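Protein chains: 2
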Amino acid sequence: MVVSVPGRYAADVAEEALDLGRNVFLYSDNVPVDREASLKRKARDRGLLVLGPDCGTAVLGGTGFGFSNRTRRGRIGLIGASGTGLQALLSYLDGDEAGISHAIGTGGRDLSAAVGGITASQALDLLRRDEDTDVLVLVSKPPAPEVTRRLLGEARAAGKPVIVCFLGAAPPGGGWGNVWFANSLEEARGYALKALQERVGASPPTTFSTGGRWVRGLFSGGTLALEILLCLGAVLTPVYSNIPVTADQRLPDPLKSQGHTILDLGADEFTVGRLHPMMDFDLRLRRLRQEAADPEVALILLDVVLGDGAHADPAGELAPGIERALTEARAAGRELAVAVLLIGTAADPQDLQEQSATLERSGARVVRTVGELVEHTWRCVGERPRDPAETALAPVPLEAIRDTRAVINVGIETFAASLAAQGAEVVQVDWRPPAGGNEKMAALLARMKR
Amino acid sequence: MVVSVPGRYAADVAEEALDLGRNVFLYSDNVPVDREASLKRKARDRGLLVLGPDCGTAVLGGTGFGFSNRTRRGRIGLIGASGTGLQALLSYLDGDEAGISHAIGTGGRDLSAAVGGITASQALDLLRRDEDTDVLVLVSKPPAPEVTRRLLGEARAAGKPVIVCFLGAAPPGGGWGNVWFANSLEEARGYALKALQERVGASPPTTFSTGGRWVRGLFSGGTLALEILLCLGAVLTPVYSNIPVTADQRLPDPLKSQGHTILDLGADEFTVGRLHPMMDFDLRLRRLRQEAADPEVALILLDVVLGDGAHADPAGELAPGIERALTEARAAGRELAVAVLLIGTAADPQDLQEQSATLERSGARVVRTVGELVEHTWRCVGERPRDPAETALAPVPLEAIRDTRAVINVGIETFAASLAAQGAEVVQVDWRPPAGGNEKMAALLARMKR
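For the protein sequence lines, the chains are D and S, in the order given. Those letters in the first sequence? Residues 8 to 457, per my numbering, in order. Those letters in the second sequence? Residues 8 to 457, per my numbering, in order.
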């Protein structure tokens with residue numbers, strides 16, 4: 008059902024549609040956000056969709072709703088909290104001859120904390136299951152942090168490439184696994200085309216668990232710590248650091264970790280009267296021991312930076328400490344993991360291969376890029392892909408987006424005309440405000456109906 | 008000269024080096040920021056470089072300074088306000104067998120408002136002129152806004168591809184022309200390799216001027232307005248909007264533009280009691296006339312969104328208004344330009360080609376993507392590429408980064424050993440704090456020297 012009556016009546020009309028078992032394209036704006044949330048919770052419980060309120064655009068099963076463009080059919084599925092964002096992508100992808108499977112609008116507030124991204128999650132789940140969709144694109148203004156975390160977890164588990172474009176947010180890196188971050192709609196278009204050609208990142212990640220909960224990062228390189236903090240801050244909570252990106256990430260006492268903690272041990276508070284931690288491993292070894300003794304710690308991250316100026320044998324300094332930490336944890340009946348980001352070149356004086364081998368012999372996992380380290384961390388302590396049954400999410404039947412030939416239109420009549428012109432069977436409902444728009448009278452009538 | 012003496016003495020040592028006509032690699036930290044700024048201004052006036060203070064890493068002419076990696080020679084030039092950021096890139100690019108020409112560290116505060124990115128600008132200019140460098144990479148934490156604007160202008164005019172990675176900042180789009188925005192060091196690496204292969208974006212943009220100063224954007228699509236605001240906000244000033252991204256962008260009176268103004272005419276304050284501006288062009292036509300009458304306006308931006316639900320002939324509605332605006336401006340002896348972002352598909356009911364032709368006949372420039380619109384805008388009202396002579400910038404001779412075999416080392420002795428191991432001729436200066444570290448005595452001595 009397409010609903011475009013004035014905002015103060017729209018939620019009631021939409022709710023009636025849900026009660027009749029209909030999916031709703033809710034164009035109207037000025038619907039209170041708590042009504043939006045309750046409508047969407049009701050829809051979710053019944054396996055129905057509410058696109059909107061304030062949803063400008065959708066293309067479902069080849070039929071365009073609201074403001075939409077007639078786009079060639081293809082294998083890219085779009086999810087958008089913005090109308091013209093979706094329309095720009097339709098326009099771009101039609102020009103590329105790539106085409107789209109579906110474009111699902113969610114309404115601009117869907118990804119707020121109050122609504123919690125209910126429709127976006129349903130849309131991700133639909134396009135994940137939809138056989139006509141090979142690549143997903145999610146475009147929105149920056150969501151609430153907790154919604155970002157959940158959506159990125161769901162995207163990571165989608166089993167298909169997902170291009171994420173949160174316009175105006177600092178992206179948590181270039182991407183990882185099947186999730187790529189685009190900075191603009193055009194970049195999202197480009198990544199989607201690339202993913203379509205390459206069919207990359209199609210398998211969901213395997214996860215592992217050490218039993219602990221927290222990751223602790225002990226870095227000598229400030230920029231490495233920052234990059235990892237930017238990435239992990241988007242998908243884990245709570246995250247603390249001595250180089251916080253957001254105010255709530257500030258670690259109260261740099262000497263004591265809490266929750267997930269990422270430390271730059273080269274920062275002033277750690278280096279006063281000491282050599283840089285690339286040269287002197289004393290501080291890192293003591294902190295490594297401290298973190299390893301915490302039974303809630305699952306994973307410890309370290310960096311080793313080789314090259315001129317650095318210690319002559321960093322792996323030799325760290326390996327005994329890593330080995331002891333792992334042995335002591337095992338002796339205490341705990342699993343603990345250590346991962347090391349190794350930065351250096353084959354020509355560096357320390358012998359890259361030998362350094363790597365020494366670290367691996369100590370029991371550490373050795374990776375060569377920040378992206379690999381983040382991926383490893385997420386697989387250990389990130390959100391697990393959720394079983395729909397477990398989360399009590401009633402899956403929306405795929406017919407909701409595939410079978411869109413029969414539409415009821417309540418409100419703006421040109422929408423009915425557009426739908427009919429596209430070949431849909433449209434029933435235009437002759438809607439009038441209850442009691443002719445007289446609210447006192449309408450309230451009386453509503454009470455009498457009970 | 009490599010300077011790594013304690014911070015409170017380091018600036019004096021560096022200044023002596025400048026007075027002797029030497030370039031300075033200043034490893035020391037804890038140098039006051041005003042001393043950093045005055046040192047760098049002095050260096051700039053003399054065509055010398057000060058890398059640092061708090062500069063961890065540089066590779067100049069194959070010689071590594073401070074903490075650095077022995078990286079194969081190649082054609083990618085790096086500029087970094089961070090040490091381990093540069094080292095990670097060295098490590099990545101060596102593994103890719105791409106290699107680097109030079110890696111120029113600037114120190115972490117170089118891109119602050121207080122220092123103004125003096126060293127980064129010098130480095131951009133050096134690598135622009137350096138025949139061994141085909142692609143530039145600039146990595147930093149987010150610079151001060153005014154420094155971002157200047158550096159992006161210089162990058163745009165570099166005549167070579169420039170990959171920009173401001174870690175933790177919301178990037179102003181995917182890139183434009185020869186400037187690409189990376190979200191992580193790995194993405195910067197990937198873009199640099201791609202640019203190296205494709206040799207793209209090598210020619211500096213041609214600019215044009217209408218004589219006016221300001222751009223005014225009148226958009227019906229909120230996300231289109233937002234994307235353009237994100238892009239232009241990074242390179243133009245002052246920018247105002249009714250959908251501000253930063254607090255200082257808020258337009259006091261939505262009915263009156265000032266400076267550069269980007270409006271979302273679909274926002275609530277414009278649509279109460281009106282149809283959406285995709286359906287009703289009355290408001291846009293009146294505002295177009297208002298902006299065109301402002302003699303300080305150089306360029307007016309519009310969007311036209313075709314498709315179902317939209318007006319049956321948007322170009323027919325807008326074209327007469329555009330034509331009149333251009334004619335009246337010309338009659339008043341002014342140049343004015345209008346550019347239209349046209350969103351739609353070939354199958355849309357309005358006839359894409361015909362809409363485009365109608366708009367072009369009215370005198371507007373028609374573009375199909377946000378990126379093209381931003382590029383067009385920048386060419387009209389953006390910062391002009393600056394002639395070094397005009398800005399009184401003494402170019403640093405290329406020998407500063409090419410000819411690095413003779414080094415004076417003042418401070419940490421292992422740096423001298425590393426340099427010697429790389430085959431440099433090193434003179435180790437036996438430095439002691441003035442008056443044995445007694446500051447009162449040192450001040451007396453300094454006064455006696457005058």
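Take these hints with a grain of salt, some might be off.
As the list claims (entries may be wrong) - Computed footprint of chain S on chain D, listed as stretches where at least three residues anywhere in the stretch have a Cβ under 8 Å from a Cβ of chain S:
{"no.": "1", "segment": "51-62"}
{"no.": "2", "segment": "73-79"}
{"no.": "3", "segment": "131-141"}
{"no.": "4", "segment": "150-161"}
{"no.": "5", "segment": "189-201"}
{"no.": "6", "segment": "294-307"}
{"no.": "7", "segment": "314-322"}
Unchecked claim - Here chain S is said to cover these stretches of chain D; the calculated rule only asks that three of the stretch's residues, wherever they fall, bring their Cβ under 8 Å from a Cβ of chain S:
{"no.": "8", "segment": "171-178"}
{"no.": "9", "segment": "226-237"}
{"no.": "10", "segment": "414-425"}
The hints are simulated quantities; they were obtained by calculation from the structure and are not laboratory data. Quick caveat, the model's predicted, so the values are computed rather than measured. All C-beta atoms in this analysis are idealised placements derived from N, C-alpha and C, irrespective of residue type, glycine included.
>> Flag every earlier hint the structure violates by its number, smallest first.
In response: 1, 3, 4 and 6
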